[in-house]
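Q: Residue numbers (this note's numbering), protein chains in the order written: chain G, 1 to 454; chain W, 1001 to 1454.
Accuracy of the hints is not assured; some may be wrong.
Partial pick of chain W residues on the chain G-facing surface, computed with a CB cut under 7 Å [unchecked claim]:
1. 1003
2. 1006
3. 1007
4. 1076
5. 1170
6. 1177
7. 1179
8. 1321
9. 1375
10. 1380
11. 1381
12. 1418
13. 1424
14. 1437
No wet-lab data here; the hints were simulated from the structure. Think of the CB as a built atom: it goes at the ideal place given N, C-alpha and C, for glycine as much as any other residue.
There are 2 protein chains.
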Amino acid sequence: MSEQIKYLLDEADMPKDWYNLAADLPVPLPAVLHPGTLQPVGPADLAPLFPDSLIMQEVSTERHIEIPDAVRRVFRQWRPAPLYRARRLEEALGTPARIYYKYEGVSPAGSHKPNTAIPQAFYNMEAGIKRLTTETGAGQWGTSLAFAGALFGLEIQVFQVRVSYNQKPYRRAVMETYGASCVASPSSLTESGRAILAKNPDHPGSLGIAISEAVELAVQRDDTKYALGSVLNHVLLHQTIIGLEAMKQLEIAGDDPDVIVGCTGGGSNFAGIAFPFLGQQLRGGRTRRIVAVEPAACPSLTRGKYAYDFGDTAHLTPLTKMHTLGSTFTPPGFHAGGLRYHGMAPMVSHIKELGLIEAVAYHQTQCFEAGVTFARAEGIVPAPEANHAVKGAIEEALRCKREGRSEVILFNLCGHGHFDMAAYTDYFSNRLADLEYDEAELAMALAGLPSVPD
Amino acid sequence: MSEQIKYLLDEADMPKDWYNLAADLPVPLPAVLHPGTLQPVGPADLAPLFPDSLIMQEVSTERHIEIPDAVRRVFRQWRPAPLYRARRLEEALGTPARIYYKYEGVSPAGSHKPNTAIPQAFYNMEAGIKRLTTETGAGQWGTSLAFAGALFGLEIQVFQVRVSYNQKPYRRAVMETYGASCVASPSSLTESGRAILAKNPDHPGSLGIAISEAVELAVQRDDTKYALGSVLNHVLLHQTIIGLEAMKQLEIAGDDPDVIVGCTGGGSNFAGIAFPFLGQQLRGGRTRRIVAVEPAACPSLTRGKYAYDFGDTAHLTPLTKMHTLGSTFTPPGFHAGGLRYHGMAPMVSHIKELGLIEAVAYHQTQCFEAGVTFARAEGIVPAPEANHAVKGAIEEALRCKREGRSEVILFNLCGHGHFDMAAYTDYFSNRLADLEYDEAELAMALAGLPSVPD
Chain G
1 MSEQIKYLLD EADMPKDWYN LAADLPVPLP AVLHPGTLQP VGPADLAPLF PDSLIMQEVS
61 TERHIEIPDA VRRVFRQWRP APLYRARRLE EALGTPARIY YKYEGVSPAG SHKPNTAIPQ
121 AFYNMEAGIK RLTTETGAGQ WGTSLAFAGA LFGLEIQVFQ VRVSYNQKPY RRAVMETYGA
181 SCVASPSSLT ESGRAILAKN PDHPGSLGIA ISEAVELAVQ RDDTKYALGS VLNHVLLHQT
241 IIGLEAMKQL EIAGDDPDVI VGCTGGGSNF AGIAFPFLGQ QLRGGRTRRI VAVEPAACPS
301 LTRGKYAYDF GDTAHLTPLT KMHTLGSTFT PPGFHAGGLR YHGMAPMVSH IKELGLIEAV
361 AYHQTQCFEA GVTFARAEGI VPAPEANHAV KGAIEEALRC KREGRSEVIL FNLCGHGHFD
421 MAAYTDYFSN RLADLEYDEA ELAMALAGLP SVPD
Chain W
1001 MSEQIKYLLD EADMPKDWYN LAADLPVPLP AVLHPGTLQP VGPADLAPLF PDSLIMQEVS
1061 TERHIEIPDA VRRVFRQWRP APLYRARRLE EALGTPARIY YKYEGVSPAG SHKPNTAIPQ
1121 AFYNMEAGIK RLTTETGAGQ WGTSLAFAGA LFGLEIQVFQ VRVSYNQKPY RRAVMETYGA
1181 SCVASPSSLT ESGRAILAKN PDHPGSLGIA ISEAVELAVQ RDDTKYALGS VLNHVLLHQT
1241 IIGLEAMKQL EIAGDDPDVI VGCTGGGSNF AGIAFPFLGQ QLRGGRTRRI VAVEPAACPS
1301 LTRGKYAYDF GDTAHLTPLT KMHTLGSTFT PPGFHAGGLR YHGMAPMVSH IKELGLIEAV
1361 AYHQTQCFEA GVTFARAEGI VPAPEANHAV KGAIEEALRC KREGRSEVIL FNLCGHGHFD
1421 MAAYTDYFSN RLADLEYDEA ELAMALAGLP SVPD
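Make the full structure from the sequences, and use the hints.
A: And the structure:
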């Protein structure tokens, strides 16, 4: 049996700054537009939702942004996160490629989400905020914000899409263990929730409705703000600690990645592993292939349109230019709930449009098959979302085998699957189907994109 | 907010030997007796079940037993496991005590069980064995052996108590992800299973029946052996890597424990954290308090009798002298399934009888309350079993607060609760009762202990 190798970093080598890709973009990001005026939004427009420190990060073009000491002290519980050389997986595949993976499942919440939940909670606490509202689908993000709230003494109100709330009681139990309050959305806590319940008391909910409820509650009280777990620039910024650590660890390993792979839903874990490497390239460094892997049932990067669209189905958010399937598009209920989003982070969309990254889509059974191969070789059971990255990396490794090339592949294993084992049960009992989205619905959703003058 | 502190060890400082308490015992362990002859068993009696290397460890009195390189290479994925100074918990409790915990949930299986699953699989592989059988209740042990089997190319057959098999499909899914076969026990795979099913096709199963099935299958084929996850001397030996690492980490922290706390079911995680420190004491070192925490609903150390008894309800195993509630005693169905065993490891029982350790029992709601306090302060959600250790440590910390003493408390956080969140859901919805065992049943079980001449 080959020897798997772990590369740790000393705590002293944990990055002291996040890396901001906006500083190195050859073309700046398209403006964010106000949903009413279609004019670019300014920081003041975002003030009801976010504290100034996060708004400044959202619009910053500074290359390095300091990670507060209080945040680094919390990170030290599980960071620097390990980088592994997947020797046992290489052996199982018979590939000459060298496969590395960064493992973010070591956080107490089990995924990369605390990388941004902790700073978001810290900045809000620092600004005197007492309460945060948020939405969550499967629950990875709600869990992470609940964890962060417990540490910084913030009350956390999570609106969980009702269908997930009922299907995944374990996630809710984790949020409650951390002291957060989690209600099924639509709820009776908000006007928008009550309006929907009045029409349909059994409404299954949607991420769009949950966002509306969280935003409505946040703007009502001065002591309350809103938090988002992906998509926004400052969220992607916070995740760059992943790639910055991996870069140092690969230096210790004496290797340099030819291909970097991450899965994409909103885009934050992908940005986290990829942006620091892409920044090097944009500053004149080596060109590497960067591959975003998305679910075939919700293929925003590979099948979506690059256009201005709303972030939510209720159309309360500003308009951003992004790869989108249309804000009214409802992806089928596949298991990687964290990847079921109609749009893509504007910054990830932008670099895709600039030709700086590739994108590929896989169906879920292929991804679970890859995840099982990985688990038997490496011992870690990946989350359904992470299985997409595993699939992407295995495909690259098999290409290397066919081509006889010993390339270096790096991928981000963004979380473990402990709370998602029902999906594996379905996979083993052949109850896992390759869900297809409705082509007519997609066409309609794309036709309904808001019209924005150039 | 106080700063939690993590103490890591370099891989080079991972222990190279296990520590064998048998070398330092002031009085040797009572003999293990053959169930038929009541005469001491020899190594040959155990040969159908275990490879020679493990039998030699079972009876060894050498102080240090080398950890094979192949085992240490696997351990390097997650070992040395972190030791944390629980500063945030100390602050939450307002205690002058300094609390440290060793965290074993970082293993891919989520608990300390791989510490023995990996070497057991390795020694069997080395002996040419192709298949291992075992029983599991809640599933922590079955999961860990499945993981080990995947790494060493062994087929793993798990007999899971039917009631758990039906209640905990997530654990089974993990075992299957690792490639193990897991069947509900009683099963139709064995004579003993078929005999029970013939009488009652809906029999809920028991750990005793599952052991019978696993043993029956193991002795039938030369290429098959049996593996046990606790109780036996060699299992306790393998777990001492926990305490050996903690000892080095506390040296780095510049502290020395006054009290060591672990939860006890079969006794292996408790032995793991405690034996290396107890060994120091027996060789003339400092005396420390060592506290075993057990469930009040299955209190072998605090309410059991120190007597010869069978390890299984079907009376197939040898007789060992231990604290036992009687092999026919059925503990009520509380959530810490890993602690629901009628007996205690003979070596743990022996040192309790010698007055070298203390024991205390708590009800499950108290333990979950402690676990929630811990999770909100430290971010890690403990397994129901580990909550007993958390409760024990918090009680010691509160005593220190009352007495104004800044003692050093070390406890073993033997696993996370990701697969046990249903128990937390029950706790939060007030569906968790403090189950009491049946006093009459206990009296009957104790009256039925086998009679063994002195």
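Q: Give a verdict on every hint.
A: Each hint tested on the structure:
1. 1003: holds (5 Å)
2. 1006: It holds, given that the least Cβ distance between residue 1006 of chain W and chain G is near 6 Å, below 7 Å.
3. 1007: The hint is violated - residue 1007 of chain W has no Cβ within 7 Å of chain G, the shortest such distance being about 10 Å.
4. 1076: OK, holds: residue 1076 of chain W within 7 Å of chain G, min 6 Å.
5. 1170: holds (4 Å)
6. 1177: Given a least distance of 5 Å, the restraint on residue 1177 of chain W holds.
7. 1179: holds (5 Å)
8. 1321: Violated. Min distance 37 Å.
9. 1375: holds (5 Å)
10. 1380: holds (5 Å)
11. 1381: holds (5 Å)
12. 1418: holds (4 Å)
13. 1424: Holds, because the Cβ-Cβ distance from residue 1424 of chain W to chain G comes to roughly 4 Å (cut-off 7 Å).
14. 1437: Where the cut-off is 7 Å and the nearest Cβ of chain G is about 27 Å from residue 1437 of chain W, the hint is violated.
Violation of the numbered hints given earlier is confined to hints 3, 8, 14; the remaining hints are satisfied by the structure.
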